[in-house]
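Asker: Assemble the complex: chain A is given as a structure, and chains B and C must be docked to it using the hints.
What follows is each chain in one-letter form.
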Amino acid sequence: MSAAIEMHAVDKAFRRQRVLADMSLKVEQGQTFAFLGRNGAGKTTTIRMLLGLLQRDAGAISVLGIDPAEDPLAIRARTGYLAEDQEMYGWMRVDEIIRFVAPFYGTWDHDLALKYVREFELPLAQKIKTLSKGQTVRLGLVLALAHRPELVILDDPALGLDPVMRRQFNRDLITHLQGEGRTVFYSSHLLYEVEPVADVVAILDGGRVVRQTDTETLRRDVKQFVLSSSALAAVRDDLAMLDLQHANDEAAVTVENAGAATALLGREGLEHRVVDLNLDEIFAAYVSGTIDQASAAPPSLAAVGEEEG
Amino acid sequence: MQTTWQALIWKEWREHRWKIALLALASVGTWAALSLMVHDPHAMFTVAGGVTATFGSLAAVLLGIAAAAREQATGTVGFLQKLPASPRRAAAVKVAFAVLGIVVPVAITLAAVWLANGLLFAGQAQPNTYDQIHNTPLGIQNWYAAVAVTTIPGALTVLAWMLAFGVNRSDEIRAAATGFLAMVLAAGAFVLAAELLEGTSIPREASLAAAALPWGLVPLLDVFRELPGMLWATGVVVALVHGGFVWRYVSRFGRTVPVRLQTVERKAARTAVQSAADWLAPPRRSPLAAMAWKQFRESTPLAVLGGVLVLGLFVIVVIANRFESSLRLLSVSDLLEYAGFVWAMIGFAIALVAGLGVFLEDLRPELQGFWRSRPIPVGLWFAVKLMTGLLATIVPLLAGLAVAVLAAAALSGTNVGAEIGRNELLWAGGMILLQTGVYLAAFTAMTWLRQPIYAGIAATISPVLFMWVIEFCGRMLEPTTAVGSIGMVTVIGCVAGAGLLTAAWQAVKHDWGWKH
Amino acid sequence: MFLRIEKGSAVPISRQLAAQIEALVSAGNLAPGAKLPSVRELARQLAVNQNTVLRVYERLAREGLLDMRQGQGTFVAARPKGAALKGRRAKLAEELRQIARQGMALGLSPDELHELLSEVLAEPATQNHIAQIAAQQVAENPS
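Protein sequences appear in the order of chains A, B and C. 309 is the number that the numbering used here gives the last residue of the first sequence; the numbers go up by one with no jumps. 516 is the number that the numbering used here gives the last residue of the second sequence; the numbers go up by one with no jumps. 143 is the number that the numbering used here gives the last residue of the third sequence; the numbers go up by one with no jumps.
Hint data in this document are derived by calculation from the structure and do not stem from the laboratory. Heads up, some of the hints might be wrong.
[Stated by the list, open to error] One-sided and incomplete, this derived list gives chain A residues near chain C with beta-carbon spacing under 10 Å:
id	residue
1	Glu87
2	Arg171
3	Thr215
Heads up, the beta-carbon is just placed ideally off N, CA and C, and yes, glycines get one too.
Only chain A is shown next, with the shape it has when bound in the complex (with noise of 0.2 Å):
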C-alpha cells in the first residue's frame, strides 16, 4: 500500500521570500493526518501545491500516487478539498450549486449529496448568500464529499465555527470520513482542537515539518523539568531543548526526549521536578521556544549584592 500523500524536500518560495525549505512528510493511507503550524507557516501554501494549484521550485511531490505539477486534474477529480474561509458563488442557490458541481466529478454520487444536506440540515432552496457561517462550511464539505473521494483535504475548516458547530465538524468528520477509511489531511493552528480526531499530527515550522507523530507519544516525549542551574549544566549536552527559561538560579526546560531525561537525571541523583504540558504548551515550545542563552550562567547572589550594595 503506497502512501496517499508524500512530500520530500520540497522548496518553495515567494519572491524573497522562502516559506517552505527543504520540507518532507508522509501520510499513509486512512490515516486523519493533522498539519498543524502558526498562521502564516506555509499550511496553505503546502495544500495549494498539493493540488496543483502552485508549483514548487524543488523536490518532489507525489498524491494519490500522480505528481500535482503533472496531472492536476486527476489528483482534483478524486481528491476532496475545503479551502479555508471558502467563499462561493452568492448568488446560487443550494440546490443549483450542487448541480453546477456535480457534472465535473465522474464518480458524483447525487444521492449521497442528497443524504449529507438532509444530514447537515442544508436549505435546498435558500440563496448561498445568506447562509450563515456553519452552513456554508457544511456547504462546502458536501461539495468536497459527495464523489466519494480517496483523499479529503481540509484548510482549518474549524476556522470562525464557534464551539457548538466545530464539535459538530469533528464529529461530521469521524463519522463521515473516519468512518468510512477516507484519508484526511487537515491543517489548523489550534493543537488541542484536532486532538480527539487526528491519528497522526506534524507541526510545521521554520518551512519544515519539526515533528511528526501522534499525539500521546508528543505528550510522553515533551516535557518540562524544573531543576537549579547547576543540574542544568551537568547535562545540557544530553537533552533535546525546544525551550529554556532561567529564574533566579532555578532553570525550566522543555525537552522532547522526556523519557531518556528522566533517566538520566535519576541516574545522576539529580532533583528535579516533572512538568505535563498541555498540547497548547506543546505547540508553543516548538514553534516559538526559546533558548534562554543570556543567562545560561547563573549570576552569584554576591554579585547581586554588591550592585545592590
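Answerer: Relative to chain A, chains B and C alone:
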C-alpha cells in the same frame, strides 16, 4: 496626531490617485489621437469639446459607482462602519475625490489644447464659429471657460445620480445598472410629461424641470440665454436637486447591516418552511452545460436590461422628436435611424460592462480557489465563459433592436424591409463587430487589471486606439482600392482580436494580473 | 453512559476516557455484564477519533476490566480481575503520594495529614458512599 479627516483623505487619495491620473491621461491621449487624424486646426477644439464631455461623464459614472458600491463589493464597508467616525465623513471624502476626478481630466485636457495652440499655432487657432460664442452660455466669450462651465457641472449631475441610486448596492456593476435605469426612467418620464402637456399653454418656466435631469442644465443655459433671472433659477434648481441626491448618498452610505447578520434572524423563520421543499433536481448534464448555465445566468440580467433600455430610449426619442423640424411626422427612415442610433449607443455601453463582468467574480481571490481546485480544465472554462458571455450580451441587445424596428414598421405602416438595404446591414454588422471588440477589450483588461474602474477606462479608449492604428497604417500603406482598405482593416482587426484573446488567456491560465 | 472530554488538558484523551470508565465501573454505575456503546457510537457521541476509543477499550480489556466479545460488543467484565484492581491500587497510591507532597509543601506534619484524612472519612457523605459499596459487595457475594 492625524485627525479622522486627514486619515480618510489619505485613504481615498491612495485609492484614487492612479484612477484620476489614468482618466486624465486617457482624456488627453484620446483628444491628441483624434485631433491628429484630422488635418484642421479647428478640429482640436471640436474634438476637445466632445472628449471632455465624454471623459467627464465617464469619470462621473466610474467614480460614482466606485464611491457608491466599491466598499460593499470588497467587503470593507464593515470596517468603515466600525470606525469611531460617522460613515458620513467617509462618504463626504469619497464625493470630494469623485469631483476631483471629474475636474482634473477636463482641466488637463483644456490645458493641453491651450498648450498645443500656443506651441503649434502661436495661439492663433480659433474654434469653429459653430463651437464658438453662439453655443456658449452666460455670454462667456472665452472658449476654455465656456467648455469648463458646461462640461464640469454636466458631469457632476451624472455623478449625483449615480451616487444617489447606486449607494450600498452589492457591487459596482449593480450600482451602474441601477443608476442608468434611474436616469433613463427620469428622462422618459420627463419626455412623456412634456408630450402629454403639449398643446396646453404651459409657461416657458416649466422647462426648468429639465434642470433635474442629468446634463439637463446645459440645454437650459441656451434656452434662457437672454434671461438672467431664469439662469439663476436654473442654477438653484440644479443645486437643490443634485445637492439632495448627494445628501441622500452621504446620509445613507454604509448604513446597512451585512447580509450574514440579517440571516441569523431570518433563518429561524425560513428553515421550517423550506425543509418541506426537500427535492434535489439531477445534476447538469455535462461540464459544458454546467459552465454555460452559470455564465448565462451571470450575463443575461445585464443584457436584458440593455435590451429594455434600447426599447425604452427608442420610445423616448420617438416621442421627443415626433415631428421633424419642418413639423412633418417622422418618416420610417427617421424611425429606423433612431432605433439604430439608440441600439449602437446602449450596445456599446452594455458590451463594455458585460465584458468587465465576465471574470469579475471568478478572478476574485476568495472565489478562485473554488473553481481552480476542482477538476475543471481551465481552457474549457475560459472558452465557455467568453463565448456564452458574448452571445448572452449580443442577442438580447439585438432582440431589443428587432422589437424597435418592428414597432417602427407598425407605427409607420410601411414595409420596413424595403428601407433596410445592403448599407444598413453592413452598418449593423459593423456595430456588432464594434460591440464584440469592446466586449473583448473589456474582458481582457479585466483579466489583467482586476478592477472594473481601470479596466473600464482601458476598454473605453480601446476603440480610439484601434482607429488611430488604422489611421497610422493607412498613411503608411496608402491602400488605393476599397478592397485594399477593407483588407487592411480586417487584418488589423484580426491581429488585435488575436492579441487580446492570447493576453486574456495567459492571464487566466497562469493567474497573472494585478493583485492588490 | 455519560463521559466528558476536557480539551486542552494536560491529561491525554485516552487516559481521561479510561479513568472515567474505571470510575463508573468501580462506583457500580456500570454493573458487571453491562453493555458499553460500540466504538463507533462512542466516538461519534464524544467527537473523538475511533482509534482512540478502540485503544481505550482494548487496554481496559487487557487489564481485565472490560470484556470485548467478537461480533457482540464490549461488556463490563463479570468479575474484574485482580490485576486490574492491583493496577488501580498502584494508581491510587501514586495520587496519595502527590497529595502527601502537596501537604508537606503546605507545612503539614505527617500526623496532621493523617488527621485530615480521618476527618474526610468521617464526613457523612463519605460514610454514605462506603455503606453503599459494602451493600453492593454483600449482594454480589452473599457468602
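Asker: Please check whether Glu87/A passes as an interface residue: C-beta within 10 Å of a C-beta belonging to chain C.
Answerer: For Glu87/A, the interface hint is violated, since the closest Cβ of chain C sits about 27 Å away, which is over 10 Å.
Asker: Under 10 Å is the threshold here; is the Cβ of Arg171/A close enough to any Cβ of chain C for the hint to stand?
Answerer: Constraint on Arg171/A satisfied, holds at 4 Å.
Asker: So, as I understand it, the hint says Thr215/A touches chain C; can you test that by seeing if any CB pair is closer than 10 Å?
Answerer: holds (7 Å)
Going through the hint list in order, the structure does not satisfy hint 1, though it satisfies all others.
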